[in-house]
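Participant: First to last, the protein sequences are chains D and A. Quick note on numbering: the first sequence equals residues 0 to 254 in numbering that gives the first Met the number 0. Quick note on numbering: the second sequence equals residues 0 to 254 in numbering that gives the first Met the number 0.
Please note that the accuracy of each hint is not assured.
Copies of the same chain look alike in the list, so a pair counts if it fits in one copy or across any two.
Distance condition first, Cα-Cα at most 20 Å in a straight line; then the derived SDA-like pairs of lysine to any residue [unchecked claim]:
#1 242 - 107
#2 223 - 204
#3 242 - 209
#4 20 - 31
These are calculated hints, taken from the structure and not from any lab test.
There are 2 protein chains.
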Amino acid sequence: MAGKSRIGRVYLVGAGPGDPKLLTLRGKECLEQADVVLYDYLANPALLSHAPPQAERIYVGRRGRGQYQPQETTNRMLVERARQGQIVVRLKGGDPFVFGRGGEEAEALAAAGVLFEVVPGVTAAVAAPAYAGIPVTHRTMASTVTFVTGHEDPDKSTTALEWPRLASSHGTLVFLMGMKNLPSIVSNLIGEGRPSTTPVALIRWGTRAAQRTVVGTLADIVEKAQQAKLEPPTVVVVGEVVKLREQLNWFERRP
Amino acid sequence: MAGKSRIGRVYLVGAGPGDPKLLTLRGKECLEQADVVLYDYLANPALLSHAPPQAERIYVGRRGRGQYQPQETTNRMLVERARQGQIVVRLKGGDPFVFGRGGEEAEALAAAGVLFEVVPGVTAAVAAPAYAGIPVTHRTMASTVTFVTGHEDPDKSTTALEWPRLASSHGTLVFLMGMKNLPSIVSNLIGEGRPSTTPVALIRWGTRAAQRTVVGTLADIVEKAQQAKLEPPTVVVVGEVVKLREQLNWFERRP
């Protein structure tokens, strides 16, 4: 392609849940071609080693407790870099379209006429429970699974969390980033009628070597989380399937 | 390890949604070590090329219209092969724990005392919509996403599908393998009050080159599916996010 100016493009790549081996083959390929990688807090930084040494690496995740780079700034960077002819990888924890604001990034790229491709990833909503020995669905225990964002956007009143509906489900509920709001998640579910005996698992840094799991019920999980001093990022799993962990906990028991 | 008998084990590997590049690095590694691979209908057979030439390949998927090898037979094969000291890969379409009956396979292995590891995969419930330009969650349009199995086990009366709850959701619904029951899915949702103007997308063979998408509303999707002669395997997406496809449909428009 000597002498021909390249057409820039953006790959919205799911980094997977944490274990760097859970990146997809396509995600690795994209990183290997990258001129610049924009990554955030939840994408395992070990994945950056797939990018060429000279590729630029830009952190666009949270800066401190609760402080994030504004989404508009990230969107603008993606558009600008692609327009300069660069191969841009936007590396996002889990899957780009599961609570990753990847939809908004794709909209910004489409609106600007920038070529983009979505590379789905393994979501922590499924993989963190799996590494804790919990299948999110099960033929006799859970015929549905619902993913909920644990930190709800305060200006989203119309689609505010649907507690009566969530509480009445017989299926599994998975709250991503649910640690900060755990007390209100629990009190809403109990308040709307979910039995306080319902099993709950909290999985911190799921699929990483540092994975830690705390199990309880809606009645005692807030206290147990405090005793264990569990911090974000933590996935919250609510439902009967949590009971399978006792038998299926392969990862934390591995030799 | 000459002279030492190996300890057999089973890897329950998510094959991903269809695009062979959406296999994980860990999934590829497991296949490369396999003595035997048990695969089914939804796992892309192209992935078998990662296994050594001498590895045995056993198809345990459906034999004809609606006929499957009994789950118990598959469970027994997994246990027997591992007990013979083999490295067994159970390659399952999508993710092993999202409607894959992987939970039951893990239970059988745990009960038999066989070493196993779960390798999560990219689920078609997220990736097929993503390749059709549909983010399953969106900050302003859908704060939850629910996965539902489209062919419900008839003997599961207690956890029978929760139509009133599903119909009242403002979030996205994704029915995996929903094609055969599309008319009853649609009539249940409308019957329980979901507006007939709700957008619906049907995505056949999502993420494969053969991907095909039909878009409509609850009011007309059954007729459109018949006109398009759409067959399984098809993912059904219900919710406002389907509208984003018009802008974000990158895969079917790619050069």
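Participant: If a hint holds in the structure, say so; if it does not, say that too.
Facilitator: Hint check:
Taking the closest pair of Cα atoms, residue 242 and residue 107 come within 20 Å of each other only across two copies (16 Å); inside a single copy the shortest separation is 43 Å, beyond that limit. In the homo-oligomer, the alpha carbons of residue 223 and residue 204 lie at most 20 Å apart inside one protomer (17 Å), although the nearest pairing across protomers, at 44 Å, exceeds that limit. With identical chains, the CA atoms of residue 242 and residue 209 are never at most 20 Å apart, being 22 Å at best within one copy and 40 Å at best between copies. For the homomeric pair residue 20 and residue 31, the shortest alpha-carbon distances inside one copy (15 Å) and between copies (14 Å) are both at most 20 Å.
In summary, the structure is inconsistent with hint 3 from the numbered list given earlier, while agreeing with all the others.
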